[in-house]
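Given next are the chains, with one letter for each unit.
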Amino acid sequence: MSGEGDYLRAFETPRFAQLAPNLIAASFSLMKLLPARFMVDRAQASGRLKRGGRIVETTSGTFGLAIAMVSAVRGYKLTLITASTLTEPKFTRRLERLGATVLTIDDPLGDGNQRGRLDRLKQILGANPDIYWPEQYDSPENRLAYARLVDLVVRSFGQIDCLVGCVGTGGSLCGTGAFLRALFPDLRIVAVDTHRSMLFGQPVGRRMLRGLGNSILPANVQHDMIDEIHWVGALPAYAMAHALVRDNGIFAGPTSGAAALVASWFARNNPETTTLVIMPDEGHRYIDTVYNDEWLGTLSGWPCPIPLAPVQLERILPGEETSWTTFAWRRRTLCAVLAEQDE
Amino acid sequence: MARTGSSNRHDDKRNASGSAFKLSRPVGVGHAIAHHGELLQGVFEGQDGRLHRGLLTLPLPSQRSHATFWPRREAGIRTRPANRTKAARAVAFTFEHLGIAEGGGDLTLESTIAIGHGYGSSTADVVAAIRATACASGVGLRRSTTCTLAVAAEGATDAIVYGDQAVLFAQREGFIIEHFGDEFPPLLIVGFKDPDANPIDTLSLECARYDAEEIELFRVLRALACRSIRQQDPWLLGRVATMSSRISQRHLPKPRWQAAVELAQDSHSCGIQVAHSGTLLGILLDAEAPGASTHAADLVGSVRRAGFADVQSFALNAEGMMVE
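As you go down the protein sequences, you meet chains H and X in turn. Residue 31 in this note's numbering is what sits at position 31 of the first sequence, and the numbering runs on without skipping anything. Residue 180 in this note's numbering is what sits at position 180 of the second sequence, and the numbering runs on without skipping anything.
Next up, chain X with everything else stripped away, as it sits in the complex (with noise of 0.2 Å):
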């Protein structure tokens, strides 16, 4: 349920001050990105001492869920494409958090994003439903908040709702372990699939079982993730991604990983990151090294002969053009 420790505080708030939030918008917008997997996930210590599962996300920014909602009052959430099931309960979660009872509407969700290859389209339609919900409702809503009512909706989320702030988040629990404090390192990263690969139905795929020494070796992982975020190292952060996706070959196996591996380590790589629970694979690069971009672009050839699919560069907090 999507019945979250400050909902009552806001109900208080709406008796106290009356309908604050019934003067509603007649519509609503919200957007969401992509990403491209991640660059860590396992399991990690949290305050409280206990182990959470976590990951460290790689936005794609280019991509975009949008999302438009005109409320209605009366009961009932229509979806355009229709049965957008996850984004419909997400909009009526939006709607108990903020103490709005006979909310309902009219929900649009246009997206560039592709479904099952782990860029994350069903986070984003979520993610992009309650921020339009919001904001016909004339509501600001805290990054944390949208995280709870996200993993409320479906289940288990990722850390887009933080852009590009590098964080390390609880995906199944909607809260951020580390914020690792800062943006990410200068990146360009040409990204591929393989071709043979179907799609994956990411909820439903059973959690990966770490074994005491994978779990210790997330702990140093996550050391090296901070460090290269706090001095903007890409080479550091590359060796992160490189070794989260090995010990991922352990439980979800990607069959042309090592082709992969092989094409990073002759391309002045620092390093390769996967969609832990999907299809993608990504080679990182140094932005701001000498010949970067056409480091990246010769890269795009040789992936393309080696006969992976719907290859693209894009850059993350990084200056310039890319060369295609």
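The shape of chain H in the complex, shown without the other chains (with noise of 0.2 Å):
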């Protein structure tokens, strides 16, 4: 028992990266392993989860490979439900290889169908109330896993004054953040996001870089903890991944690439202030598409060279994928911020 503790307890622990003299970076190699041991642990003792018993959630990432591995460790049943349109072979096969049973549900509108998956969630849990529901999206203790990441950099670094990640379920961004300023109160929360993603007030649409954005709101994201919001097209996400692999050897996904490309920006900017930034996943899953000169040639715009700073908005409005935008979000509600866009 402690044996498979201690491992997934290694593989949820990122090594710390000195990306500039000011600029640290926590890079996982799956960092949703925080949460769902977290929850999982929780959801054992307080007995809403019985040995042996089944989990269900809706993903089509890594908070479903993470929870399938603990799954696979602890012995307990899991389902996961994804859409048509987002699921690889190569992932869905390691999940099935951990034992999950993978659902997969139809999504004429190529949006993910969120909506769908949870109908479908709610259906099983109606039939079997027994069955543990993690509820990613919107259960608090996704924020309080993240006291373990900050526990890490504290311990490591002491004060940090800036914290850059992005936002999916917020979790990671807002729970990491709440810690680290709870220590230090004067900590500045950028958060990194993409366009056409509703997180941050812009409009739905198509979203080229996947693993951040989303096209529902989760409760776990806390907008009045952010102090401003970048929006990263997926082009240069990929460029700051690649320079992450040449420059430092960091093999890291896409979406470490966006938190990168703006932590470093800010990193150079404030050079009196130290900067974290979350680096969630590896490139593994990637090879085929972002680490791919022939998939990448076939995107109108690539190459595509990295830009040195933000386009600075007033009003929020979606970029083409090519570029990066920013906003003042000022610790600001999200409705106070749209009521302010309506005028």
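Hints listed in this document are in silico derivations from the structure and should not be mistaken for laboratory results. Check the hints yourself; a few may be wrong.
No more than 25 Å apart at the CA atoms, straight line, and that leaves these computed lysine to any residue pairs for SDA-like [said to hold, decoys possible]:
hint : chain 1 : residue 1 : chain 2 : residue 2
1    : H       : Lys122    : H       : Arg54
2    : H       : Lys90     : H       : Gly75
3    : H       : Lys50     : X       : Ala212
4    : H       : Lys50     : X       : Asp48
5    : H       : Lys50     : X       : Asp211
6    : H       : Lys50     : X       : Gly49
7    : H       : Lys50     : X       : Arg50
8    : H       : Lys90     : H       : Glu294
9    : H       : Lys77     : H       : Ala45
10   : H       : Lys50     : X       : Glu213
11   : H       : Lys50     : X       : Leu51
12   : H       : Lys50     : H       : Gly99
13   : H       : Lys50     : X       : Glu45
Quick one: dock chain against chain with the hints and give me the complex.
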């Protein structure tokens, strides 16, 4: 029992990389193991999850992989619900090898059909109320799991002045940000999203960059914690991911590229502050795409130079996949910002 | 009971080598220091993955309890002052631990520590009594053993057995959750209490029940305490103490905590600490900052003017003289 715990604990622990004298990256193999393990631990302790019981979640991404690893090791059954437009055969094979049942829902509109996935999930829960649903989008436990990241950061680096990270569920940025800000009240929190994600007030549309952004609004996104928001297109994110490999030997996913792009710019412009950037996963899943010149060559706008600075927006508008924009959010609620935009 | 893990080992040793511990001295002395509440108190994950109640004590070395013990070859332990039952129990448990069957004697406690305000007067008596008993028996005790005996005698203890070493200590179980690995950063402390606060019987207090968010907050506060001690940074430690006192306000609120926070904010201070189960408050200053002792002296004045009582300033791990 403690053996498996140690392995998962090691797997969820980031390696720290000094990207610049004042910029630290927390580089994860699989960040979502933090919330997956934390939530399953708490569900076990509270009795919500019985020995040998079943877990269900809607996910197409790394939270599914993480909870599949925890379920395999702890002997839980797992059902993951995804959409036909989001499945990747290699990734699905890996989930199934871990023992997960992957249900694929039709996606006629091509938007991920989150509503259809949730309907199916609730149907399953309705038929068997003993099944445990972690609710990574809305459960505050997702955010609480990131105290462990702050523990590691603070022991190694002490005071942090600025936190940069991507937003998908909001768990990692708002969780890490809340604990860091409890220690360092002046902490600046910089959110990274992508064009046509609805999280920070853009109209929803087709998104090329996966692993961040959302077409629904999770409760774990706490807008009034955020000082500034950046929308990074897919191509600058890919270009920066390549730079991380070349310059630092860090083979990370494209969301890490987006986060590192924003964080490097912030650190350059604020030499007196110490910035921490969260880089959530490794690049293996993207070897046929983001790290494949043939695939990249089919994209309009590629090759894309790494932009030096974002375009400052006064009005929130979607940009091209080659662009990088920012807006001064100033710790306001989504309603407050949208009301101002309507004026 | 004080039946500790190592007592059997002592029994074996006694049987093997005769009455090694019976060569008692005519008298033994021991002392223990007070503390000024805690820099951090909450629940923390141990090596076993379970949660333990724990604390980081702020030592107050200038106040002490001195114990003197005269062994007699008859049962029964008399104390002076009379009826110090916990200290008497600590003597009995120490004898039992050392394998001395017919241990008895007279214990005198002389203490400069005020009772009931969170200075750890009771624990200091118990620890001094254990040390005096061991001394009279011609035996040295490990600090961890002393803690186990103190918990047995009292139900809980604090980390004053470890003097000015910074340790995260499980006060109800008597073991160290984490050695922060060094002494405290250089601090000047202006300590005081609310004059309207009544003495508190620490052990009769109900334990605080922390929620999941607080438990995770304790995880990061523990990390910052570790960093501050490793780096000898009083400012980071001040943040830990302030946040811990803020959490404590939700569980055992101090009526004038906010007033104390405001005094701390105006005074070049690193933060504020409290006795989590007592009535003490303290404002922490960086002892090595320019003008620190002048700031401390000014602060003593403003704390008095604000109507707080028992105002005192003391240094921890700092060089030089205090300005009064």
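Going down the list of hints, with the structure as the test:
no.: 1; hint: H/Lys122 / H/Arg54; result: holds (14 Å)
no.: 2; hint: H/Lys90 / H/Gly75; result: holds (23 Å)
no.: 3; hint: H/Lys50 / X/Ala212; result: holds (20 Å)
no.: 4; hint: H/Lys50 / X/Asp48; result: holds (22 Å)
no.: 5; hint: H/Lys50 / X/Asp211; result: holds (22 Å)
no.: 6; hint: H/Lys50 / X/Gly49; result: holds (20 Å)
no.: 7; hint: H/Lys50 / X/Arg50; result: holds (19 Å)
no.: 8; hint: H/Lys90 / H/Glu294; result: holds (19 Å)
no.: 9; hint: H/Lys77 / H/Ala45; result: holds (18 Å)
no.: 10; hint: H/Lys50 / X/Glu213; result: holds (24 Å)
no.: 11; hint: H/Lys50 / X/Leu51; result: holds (21 Å)
no.: 12; hint: H/Lys50 / H/Gly99; result: holds (18 Å)
no.: 13; hint: H/Lys50 / X/Glu45; result: holds (23 Å)
In this structure, every one of the numbered hints holds.
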